[in-house]
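K.L.:
Sequence:
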Amino acid sequence: MMPWLYSALGLVILLLAGDALVRGAVNLSLRLGVPALIVSLTIVAFGTSAPELLIAISAISDNAPGIALGNVVGSNTANVLLVLGIPALMTGLHTSECDTRKNYVFMLVASVLFIALAFAGLFTLWSGLLLLAVLAVVLFIAAREARAHRRMGKPDDLEEIEEADPNMPYWRIGMYLVLGLIGLPLGADLLVDNATVIARTYGVTETVIGLTLVAIGTSLPELATTVMAALRRQADVALGNVIGSNMFNLLAIIGIATFIGDIPVAESFLRFDLWVMLAASLLLVPFVFFKRDITRGWGIGFSVLYVAYMAVLF
Numbered sequence: 023m024m025p026w027l028y029s030a031l032g033l034v035i036l037l038l039a040g041d042a043l044v045r046g047a048v049n050l051s052l053r054l055g056v057p058a059l060i061v062s063l064t065i066v067a068f069g070t071s072a073p074e075l076l077i078a079i080s081a082i083s084d085n086a087p088g089i090a091l092g093n094v095v096g097s098n099t100a101n102v103l104l105v106l107g108i109p110a111l112m113t114g115l116h117t118s119e120c121d122t123r124k125n126y127v128f129m130l131v132a133s134v135l136f137i138a139l140a141f142a143g144l145f146t147l148w149s150g151l152l153l154l155a156v157l158a159v160v161l162f163i164a165a166r167e168a169r170a171h172r173r174m175g176k177p178d179d180l181e182e183i184e185e186a187d188p189n190m191p192y193w194r195i196g197m198y199l200v201l202g203l204i205g206l207p208l209g210a211d212l213l214v215d216n217a218t219v220i221a222r223t224y225g226v227t228e229t230v231i232g233l234t235l236v237a238i239g240t241s242l243p244e245l246a247t248t249v250m251a252a253l254r255r256q257a258d259v260a261l262g263n264v265i266g267s268n269m270f271n272l273l274a275i276i277g278i279a280t281f282i283g284d285i286p287v288a289e290s291f292l293r294f295d296l297w298v299m300l301a302a303s304l305l306l307v308p309f310v311f312f313k314r315d316i317t318r319g320w321g322i323g324f325s326v327l328y329v330a331y332m333a334v335l336f
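Quick note, the sequence shown lines up with residues 23 to 336 if you use the working numbering.
Be a bit skeptical, because a hint or two may be false.
Each computed SDA-like pair below joins lysine to any residue, with the alpha-carbon atoms no more than 25 Å apart [as the list claims (entries may be wrong)]:
1. K313 <-> L144
2. K313 <-> L130
3. K124 <-> A165
4. K313 <-> M112
5. K124 <-> R166
6. K313 <-> L253
7. K124 <-> V249
8. K313 <-> L154
9. K124 <-> Q256
10. K313 <-> L139
11. K313 <-> V249
12. K124 <-> L144
13. K313 <-> T247
14. K313 <-> G114
15. K124 <-> P308
16. K124 <-> L154
17. K124 <-> V326
18. K124 <-> T317
19. K124 <-> S83
20. K124 <-> F281
21. K313 <-> L300
22. K124 <-> V329
23. K313 <-> V334
The calculated label-pair distances, taken between Cβ atoms and stated as ranges, are [to be verified]:
24. L147 <-> A330: 33 to 39 Å
25. R314 <-> L144: 22 to 28 Å
26. L292 <-> V329: 42 to 48 Å
27. T113 <-> A330: 39 to 45 Å
28. M197 <-> G319: 21 to 27 Å
29. K124 <-> L292: 35 to 41 Å
30. I204 <-> L27: 16 to 22 Å
31. L208 <-> L292: 32 to 38 Å
32. K124 <-> N189: 31 to 37 Å
33. F312 <-> M23: 45 to 51 Å
34. I220 <-> V131: 34 to 40 Å
Read the hints as simulated data drawn from the structure, not as lab findings.
Quick reminder that beta carbons are idealized off the backbone N, C-alpha and C, glycines included.
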């Protein structure tokens, strides 16, 4: 029982510390004069991926790389089937009004590149550098578009960044940063150490723990954001959140984690899990390119597919 409680405690600490780090980093950047659009493209995206990154680093350091890779692949699958499925089940998502084609293509390219590198059997430092180089190109394109947006005289929209508070005092910004930087490694160590104990106790592989328990846990912030976006009828925020999160998971998390150590790819990933991740991503084609809404019927379908995937894993 204690490993489960410590895992839950680690997850709670991770989520709270990640939120604190995002709040601190966003408001420090805005106080220093960084445009809100650039902040949303970089600081927020990296900040919300901080729990996954710390888990990956901690898992590799603790010689449990299956948790690191399982977390990324499992989170990407959960982001599509669960994080979009549940809000669609609740209210439906009017994605027919969204234009996320460019970022979606970037995400598909990242997915195909990631799978191709996985078939080498090992994510090495060179693999990580290639993933980070692709991420740098994507961020450069996004930053260039943001600058063009500003040159056209369109003001930064601080309302799009929920954590933004232009009047936040520096002492509070510092407090958020310190809490985030202390809490993230603490939560990651608690979660990884105890998830590994659970895996060994019940005879479940570390890979399956990463694909399920850890992946669902680290997808909770995206789920909360997407549910709120659905209730506010902001389908573009919901869909964009999932696409951006998946792209950062593939390019940034594994890319940075390879600096800590090599990440071996289990045979089960090559046979099954990577293809499930890619298939889940391709399910978004009609909603991105053909302007279809993700209705309640699709929400049921997505959720059922995710439950079936969990059943197969166990």
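K.L.:
If a hint holds in the structure, say so; if it does not, say that too.
P.N.:
Structure-based check of each hint:
{"no.": "1", "hint": "K313 <-> L144", "in the structure": "violated (38 Å)"}
{"no.": "2", "hint": "K313 <-> L130", "in the structure": "holds (18 Å)"}
{"no.": "3", "hint": "K124 <-> A165", "in the structure": "holds (14 Å)"}
{"no.": "4", "hint": "K313 <-> M112", "in the structure": "holds (20 Å)"}
{"no.": "5", "hint": "K124 <-> R166", "in the structure": "holds (14 Å)"}
{"no.": "6", "hint": "K313 <-> L253", "in the structure": "holds (20 Å)"}
{"no.": "7", "hint": "K124 <-> V249", "in the structure": "holds (24 Å)"}
{"no.": "8", "hint": "K313 <-> L154", "in the structure": "violated (31 Å)"}
{"no.": "9", "hint": "K124 <-> Q256", "in the structure": "holds (19 Å)"}
{"no.": "10", "hint": "K313 <-> L139", "in the structure": "violated (32 Å)"}
{"no.": "11", "hint": "K313 <-> V249", "in the structure": "holds (20 Å)"}
{"no.": "12", "hint": "K124 <-> L144", "in the structure": "violated (29 Å)"}
{"no.": "13", "hint": "K313 <-> T247", "in the structure": "holds (22 Å)"}
{"no.": "14", "hint": "K313 <-> G114", "in the structure": "holds (14 Å)"}
{"no.": "15", "hint": "K124 <-> P308", "in the structure": "holds (14 Å)"}
{"no.": "16", "hint": "K124 <-> L154", "in the structure": "holds (19 Å)"}
{"no.": "17", "hint": "K124 <-> V326", "in the structure": "violated (29 Å)"}
{"no.": "18", "hint": "K124 <-> T317", "in the structure": "holds (23 Å)"}
{"no.": "19", "hint": "K124 <-> S83", "in the structure": "violated (36 Å)"}
{"no.": "20", "hint": "K124 <-> F281", "in the structure": "violated (29 Å)"}
{"no.": "21", "hint": "K313 <-> L300", "in the structure": "holds (21 Å)"}
{"no.": "22", "hint": "K124 <-> V329", "in the structure": "violated (30 Å)"}
{"no.": "23", "hint": "K313 <-> V334", "in the structure": "violated (32 Å)"}
{"no.": "24", "hint": "L147 <-> A330: 33 to 39 Å", "in the structure": "holds (37 Å)"}
{"no.": "25", "hint": "R314 <-> L144: 22 to 28 Å", "in the structure": "violated (39 Å)"}
{"no.": "26", "hint": "L292 <-> V329: 42 to 48 Å", "in the structure": "violated (24 Å)"}
{"no.": "27", "hint": "T113 <-> A330: 39 to 45 Å", "in the structure": "violated (24 Å)"}
{"no.": "28", "hint": "M197 <-> G319: 21 to 27 Å", "in the structure": "violated (46 Å)"}
{"no.": "29", "hint": "K124 <-> L292: 35 to 41 Å", "in the structure": "violated (29 Å)"}
{"no.": "30", "hint": "I204 <-> L27: 16 to 22 Å", "in the structure": "holds (21 Å)"}
{"no.": "31", "hint": "L208 <-> L292: 32 to 38 Å", "in the structure": "holds (34 Å)"}
{"no.": "32", "hint": "K124 <-> N189: 31 to 37 Å", "in the structure": "holds (34 Å)"}
{"no.": "33", "hint": "F312 <-> M23: 45 to 51 Å", "in the structure": "holds (49 Å)"}
{"no.": "34", "hint": "I220 <-> V131: 34 to 40 Å", "in the structure": "holds (35 Å)"}
Violated hints, in rising order: 1, 8, 10, 12, 17, 19, 20, 22, 23, 25, 26, 27, 28 and 29; the structure is consistent with all others.
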